[in-house]
Structures are given as structure tokens and as C-alpha cells.
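Engineer: The whole structure should be built from the sequences, with the hints applied where relevant.
Protein chains: 2
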Amino acid sequence: MKRLVLKFGGTSVANLERIALVADIVAARRAECRSIAVVVSAMSGTTNQLVEWTRGAAGPDLHGKDYDDEYDVVVASGEQVTAGLLALALRRKGLKARSWLGWQLKLATDEAHGKARITGCDNPDFIRSVDAGEIAVVAGFQGVDDHGRVSTLGRGGSDTSAVAVAAALKADLCDIYTDVDGVYTTDPRITPKARRIDKISYEEMLELASLGAKVLQTRSVELAMNHRVPVRVLSSFEGPVAKPNTGTLVCDEEQIVEKQVVSGVAYSRDEAKFSMIGVEDHPGVAATIFGALADAGVNVDMIVQASAKTEGRQNIVFTCPDRDAGHAKAVLEKLNGNVGYESMTVSRDVAKVSVIGVGMRSHAGVAKTMFQALSSKGINIQVISTSEIKISVLIDASYTELAVRALHTAYGLDSD
Amino acid sequence: MKRLVLKFGGTSVANLERIALVADIVAARRAECRSIAVVVSAMSGTTNQLVEWTRGAAGPDLHGKDYDDEYDVVVASGEQVTAGLLALALRRKGLKARSWLGWQLKLATDEAHGKARITGCDNPDFIRSVDAGEIAVVAGFQGVDDHGRVSTLGRGGSDTSAVAVAAALKADLCDIYTDVDGVYTTDPRITPKARRIDKISYEEMLELASLGAKVLQTRSVELAMNHRVPVRVLSSFEGPVAKPNTGTLVCDEEQIVEKQVVSGVAYSRDEAKFSMIGVEDHPGVAATIFGALADAGVNVDMIVQASAKTEGRQNIVFTCPDRDAGHAKAVLEKLNGNVGYESMTVSRDVAKVSVIGVGMRSHAGVAKTMFQALSSKGINIQVISTSEIKISVLIDASYTELAVRALHTAYGLDSD
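Chains as they are written, first to last, in my numbering: chain A, 6 to 421; chain B, 6 to 421.
Accuracy of the hints is not assured; some may be wrong.
Because identical chains cannot be distinguished in the list, a pair is counted as satisfied if it fits within a single copy or across any two copies.
[Said to hold, decoys possible] Straight-line alpha carbon distances no greater than 20 Å define the calculated EDC-like cross-link-like pairs of lysine to aspartate or glutamate that follow: (1) K101 x D29; (2) K175 x E139; (3) K373 x E259; (4) K175 x D354; (5) K111 x D151; (6) K111 x D150; (7) K101 x E116.
Keep in mind the hints are simulated off the structure, nothing from the lab.
For clarity, every value in this text was computed on a predicted model and none was experimentally measured.
Structural biologist: Structure follows, in C-alpha cells:
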């Protein structure tokens with residue numbers, strides 16, 4: 006292996022003992038590869054404390070913004086501390102190591118503070134240092150914008166940092182160490198029959214991440230897919246020598262020999278359903294409604310439109326994250342007048358359950374299996390949405406676990 | 006006033022409530038001056054925690070060094086947090102403000118990590134921003150070395166940052182807010198008759214700081230003297246509107262109309278006395294002894310040399326900080342052979358008491374007053390050392406308070 010990137014999350018670096026264990030893992034991985042970069046998150050709990058302080062200092066509304074540039078200055082300090090401490094711990098083991106902060110690495114981002122997107126990472130000094138055998142300990146989650154201000158990438162952003170560093174280094178592998186030992190066919194807390202997936206395609210992982218699986222930040226999977234960086238998710242709690250065939254490799258579809266029709270079942274309870282009844286039916290209405298929601302930063306997901314009972318009227322049903330529901334409702338109420346509608350109801354007791362698999366492209370009957378499995382348990386489907394490799398349904402939230410278990414069994418994902 | 010620098014120490018920014026009070030003070034000071042830079046320390050307790058972590062990660066001996074570059078990465082994060090939080094608190098009050106970290110300010114230092122010296126601070130963007138009315142909140146204590154690595158200035162380094170920023174801005178005044186309301190004629194914990202000094206010269210303040218007064222970092226006074234920056238020490242605990250004539254102004258001797266013969270009495274218990282008896286007496290012996298100590302980083306203070314009883318031998322007595330005593334002893338024991346001596350004793354129960362005053366230059370009898378005052382209390386003087394504006398004596402540590410009180414009275418410093 007020519008170059009290797011390792012990433013350790015907050016629970017893996019939660020205290021000095023855990024940081025020492027991480028140093029053990031890094032030292033052991035040196036046997037495989039001399040050029041190593043390690044990306045670290047803040048010690049778990051630190052980021053929450055720092056965020057709380059920013060709210061306390063700025064006032065609860067942070068000057069009416071979700072985030073700002075000074076928020077980033079404060080919050081980015083957490084990863085700085087871990088990076089320095091891990092570099093010290095590696096030196097203690099006699100290894101050459103140094104920390105790289107966002108501005109030193111020149112990890113460029115846009116100016117969307119608090120949720121910045123990486124725009125580039127080009128630093129020949131960094132690559133030279135790594136190839137000279139000095140272990141690079143990179144403070145994750147942080148970058149620097151065009152004005153030389155500190156920026157942060159949003160929750161889970163250290164995953165994205167790791168993939169960006171791997172892309173910059175053209176690394177052979179980006180290992181994401183976390184507190185679970187891989188990506189599962191579904192949440193093991195819901196069914197003990199959930200199985201660890203050996204290999205999963207970028208496309209499937211992207212759907213899983215967007216549909217509720219919390220193991221990787223969506224943006225990191227996108228970036229990995231764009232740069233074809235092989236990413237492996239594995240546990241940092243198994244000690245320095247990972248067992249063979251552990252973890253889950255996220256890779257190109259072509260590298261996966263045994264393709265499943267459905268690879269996993271995801272769910273999300275952070276959903277709200279809006280039913281707008283008797284909306285005026287003329288061109289531009291949908292554009293007005295969803296344009297206003299988009300302008301307000303509401304992330305609309307499923308959309309269904311059908312004729313209403315009233316002549317010349319239609320019904321529009323859509324979903325958005327539950328946390329945006331109050332905001333969305335205010336936007337739509339303000340809109341009544343520009344766009345007339347008879348009534349609007351918001352249902353917050355809904356959940357989205359999805360099945361994902363690249364095999365869907367070539368297999369018929371995937372949807373039928375899903376609807377039958379849910380129907381046999383008496384679960385009513387409220388909204389359906391599909392893409393090339395996933396089917397999502399919106400159901401009553403109280404049926405979530407039942408639905409996930411039924412689908413896991415129906416698609417033959419249960420472990421023996 | 007054209008430009009103003011304010012500095013707040015760790016106890017003044019200890020928590021969000023105190024940071025909000027600091028924001029009140031800064032807002033009130035805007036009435037005097039539109040171009041303001043505020044230098045902040047870490048929240049009190051933070052730096053100790055961070056230092057403890059570095060020791061834990063690196064091992065107690067920090068790879069055999071006192072400090073290293075990664076130590077600085079970790080420890081500098083404390084000031085970063087405060088700078089961001091204060092900028093947020095100022096914005097909450099509707100003021101324009103932004104934080105400046107060491108690398109953004111381009112506060113250049115040498116590479117002596119953990120105790121770096123400022124080598125320059127030249128950043129036109131910074132001056133422009135301050136003059137445009139955006140309050141600069143500078144993370145104290147930190148800079149950046151020639152290799153773009155984070156450096157820190159040592160304990161109390163934020164004072165030095167503040168003076169460096171004031172020098173760079175050619176500020177009219179650098180106000181150091183702290184938890185005491187000024188510089189006192191001596192430690193008020195030793196005598197309630199200690200008085201706050203209204204004005205003190207750079208030279209006197211430098212002696213006071215080096216001789217044990219902890220109110221300002223020595224290096225900051227040096228820097229203020231070199232750049233002729235007027236520095237005022239005052240309390241941040243008196244609320245946003247400081248009373249007139251509060252604090253102590255450190256300034257040019259010429260600005261002080263009523264000069265005292267003695268301005269203050271300082272003391273230090275961090276002293277060890279080495280008595281080397283019967284040292285070979287030939288040229289180069291002193292150079293060998295003190296050269297070895299200097300190479301080992303031991304800061305030798307008072308030195309006395311006299312003929313010994315044995316013909317062709319001399320006695321050498323010197324003092325160094327108590328914390329260096331073990332180290333110094335080892336160096337000298339290793340030296341025996343190169344430089345022969347009959348015996349060596351180390352006394353650690355000693356204290357240094359000093360009187361300081363620019364008036365000494367023109368007044369005779371200052372030393373006589375000191376010796377009489379000590380003698381009248383039965384205090385034996387072990388070593389004497391003098392400079393143009395101070396006299397220091399080494400005495401038995403148990404007489405420290407008695408000596409300080411006696412001298413304070415003898416020089417007419419007692420308050421009414």
C-alpha cells in the first residue's frame with residue numbers, strides 16, 4: 006500500500022487512555038504502509054460544550070443565524086486539541102508525527118460557516134511530509150475560507166475531512182474507525198438479525214447515509230464516490246490489530262462480486278408530513294410553494310400531487326425533516342393569499358422506511374415484495390418515493406420497528 | 006485617543022458571565038476611542054487542564070523537553086476559544102468585532118516553543134480592520150514561528166501579546182485588566198499598609214516584575230519600555246466604567262513628577278543558595294562554573310566571591326531559582342574534577358527581598374536605611390546584590406514578612 010488515511014471519531018479519542026490506544030493502532034498500521042495521515046475528531050463531549058458556550062456568548066439565536074464565523078473559531082478548537090495530543094502520543098512511541106490544522110493543511114472551503122463545503126485541498130508540503138514518513142495528524146472538521154477565516158464542516162465533518170485528505174494524497178484506502186464495526190443491513194438495535202455488510206457500493210452507501218444511517222456523513226460518501234476513494238468503516242474498539250475481513254468497504258460497484266437485490270433497510274423518524282388540500286391548480290403553483298420552502302432552507306423530501314375532490318383543485322402532500330416543520334408551516338401560512346388552498350394539516354408522527362440496493366436496477370418485483378411485506382403486517386403506506394436504487398415509504402411512526410424487521414426478513418437479509 | 010489596546014486575563018474571562026462583563030467594559034471604552042484591539046487569555050483553569058493533557062499524552066517528561074511544538078498546538082486552543090466567544094458577545098451588543106488568532110495576526114515568534122519570544126508583528130490588514138472600527142479580539146499568548154507552526158509565549162504571555170499589539174498599532178495606551186486594581190508598593194497580603202502606585206517607570210516595573218511581583222510578565226514590560234508603550238494595570242472587577250485615577254500607569258520616568266527614592270519592596274521565596282567552599286583559584290574557574298550552569302539552562306542570580314581560608318582557594322556563593330536547584334547541583338557535582346572544590350552546600354530556606362526605586366540614582370544612604378532596618382529586627386543578611394535602581398538581600402526565608410514590613414515602613418511607603 007502506498008498511502009493510507011485513518012480517521013478516528015470522538016468516542017475513539019474520548020480521553021487520554023483512548024488516545025493512547027489510537028496511537029497503538031496507528032503504530033501497528035505502519036507495518037502496512039509508511040505514508041500515513043490520521044484525521045481526528047474532537048474528544049467526545051467537547052464539541053457540545055463549545056457549541057453551548059457559543060450559544061451562551063452570542064445569545065440563543067446567534068444573531069439570528071444558525072452559525073457564524075466566530076462560532077467556527079470556537080468549535081474548531083476541539084479538533085486542534087486532539088490533533089496535538091495524538092501527535093504527542095505518537096512521538097512518545099518513538100514515531101515521527103506532527104499535527105496539521107485546517108489552515109496549515111490549506112483545506113479550502115466555501116464561506117458557509119458551520120456547514121462549509123470543501124472546495125479543494127492542494128498542499129505539496131503536506132504530501133512531502135507524509136511521504137517522508139512523518140505521520141500527519143490532521144484536525145478534522147475544519148478548514149479555512151477564502152478570507153483566511155476558520156470554517157467547520159458540520160456534524161460528522163471529520164469523515165469528510167478524512168476523505169478529502171485521502172483524495173489529496175491519492176490514498177489507497179481511507180479507514181474510518183468508529184464505535185461500530187461496520188455498516189449493517191439495518192440498525193442492530195431494531196433487529197438482532199442485522200448483519201454486517203462486507204462491501205457496499207458508493208451509490209448504496211450514499212442512499213443509506215441520506216436515508217438515516219448515521220455511520221458516515223453523506224457528504225463524505227459523495228466525495229469518496231467522486232474521487233473513487235475506497236473507504237472502510239471499522240471499529241477502533243478491537244485493539245491495534247484489526248481482525249481480517251472486519252469492517253465494511255465502501256467501493257465501486259464493479260468490485261462487488263455478489264450483488265444483493267437489496268443491501269439494507271434504513272429508517273428515519275425525523276419526518277413531518279404536510280397535506281395541503283384543495284390547492285389552486287394552475288401552472289407555477291408547485292414552483293411557488295416549493296420555491297418558498299427552498300428559499301427558507303427547508304429540505305423537502307417526498308412529494309405527491311393528485312387531483313382534489315373540488316373541481317380545478319389539487320392536493321399536495323410532501324415531507325420534510327421534523328425539525329424544519331414549524332418553520333415550513335410558517336412559510337406556507339404566509340403564502341396563503343399568493344397560492345390559495347382549502348386546508349393544511351401537518352402530521353409529525355410519521356417515519357420513513359427505505360430499502361436500498363443496486364440490484365434493483367436489474368431485478369423486477371422489488372417494490373411488490375416491499376408492499377406485500379408491509380401489508381401482511383397491516384402497515385398502511387402513506388407516501389411512496391423511489392429512485393433507481395431505493396424505495397422509500399412513509400408510514401405511521403409507531404410501526405417503524407415492525408416495518409424494518411418485516412422488510413429485513415422479506416429481502417433475505419436476516420443472519421442465520 | 007487614537008488607538009487603544011485592552012487586555013483581559015484568565016480570571017476576567019473565567020466564564021460566560023465574566024465574558025459578558027468584559028463586553029460591557031469594551032463597549033463603554035468605545036466612547037473614548039473607536040479603534041480598539043482586545044487581547045484575551047484563556048478562561049482560567051483551561052490552560053492548566055490543557056497542559057495536564059499534554060503531559061498525559063506525551064508522558065511526564067514530554068520527550069525529555071520542557072515544551073514542544075505540539076504542546077503549543079494544544080495549549081494555544083484555550084485563547085482561541087475565548088477570542089471567539091468575546092467576539093460573539095460583542096456582536097450580541099451590536100458592535101462590529103472579529104477574532105484574530107496568532108497566525109491570522111501574523112504575530113511572529115522564534116521557535117522556542119512554550120516560551121517563544123515575539124520577533125515582529127506587521128500586518129497592515131489588521132491595522133486597517135481596527136481603524137475601520139471593527140473591534141479586534143486577539144487570542145493572546147500565541148504566535149506563529151517561521152515554519153508556520155503555532156507557538157506560545159509562556160505563562161503570562163498574553164500581557165506580552167497585548168504590548169506587542171499596542172506597539173504594532175502605535176496605540177496611545179495599553180490597559181491590562183486583571184484581578185487586582187494596580188501595582189502595589191508591596192504585596193498587600195504581607196502588609197495592609199501597602200499602597201497602590203499611581204505611576205511607575207518602566208525600569209522600576211521591570212525590576213519589580215523580575216524580582217517577584219507577579220502582576221505583569223517581565224517580557225511585556227521590556228517590550229513596553231523598548232517601544233515606549235504606556236501600559237496601565239487596572240481591575241476588571243470594578244464594572245464597565247472605571248473610576249478616575251484607578252490603576253497604575255507604567256510609563257517613562259520623565260512623566261513621573263513626584264519621584265520616590267524607593268517605589269516598592271519585592272520578595273521572592275523561589276530561591277536557593279549554593280555555597281562552594283575552597284574552590285581552586287585560577288583564571289577561568291568562574292567561567293567554567295557559570296558557563297556549565299548557563300548551558301544547563303540554570304538562571305543564576307546573585308554571585309559573591311571571596312578568598313577562602315585555605316591558601317590559593319576561594320569561596321563562591323550564588324543563588325538560582327529554587328526549582329532549578331536539583332538540576333544545578335547535578336551539574337556542579339559532575340564538574341568536580343574539572344574544577345576542584347572542597348565542599349558544597351545548598352540552602353533552600355532562603356528568600357530574596359529587594360527595594361526598587363529610580364530615586365536611588367540621586368539619593369545617597371538608601372542602602373544604609375535598608376541595612377539598619379533589617380538589623381534593628383535582628384535579620385541577618387547572607388548575600389547582597391545591587392543595580393542602579395535596586396538593592397536585593399538574601400535572608401533566612403522565615404524572616405521574609407518581617408523584612409518586607411520593616412522596609413516598607415523604613416522607606417516611608419506605609420499608607421496612612
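Engineer: Which constraints among the numbered hints does this structure fail? Numbers only, ascending.
Structural biologist: Failing hints, ascending: 3 and 4.
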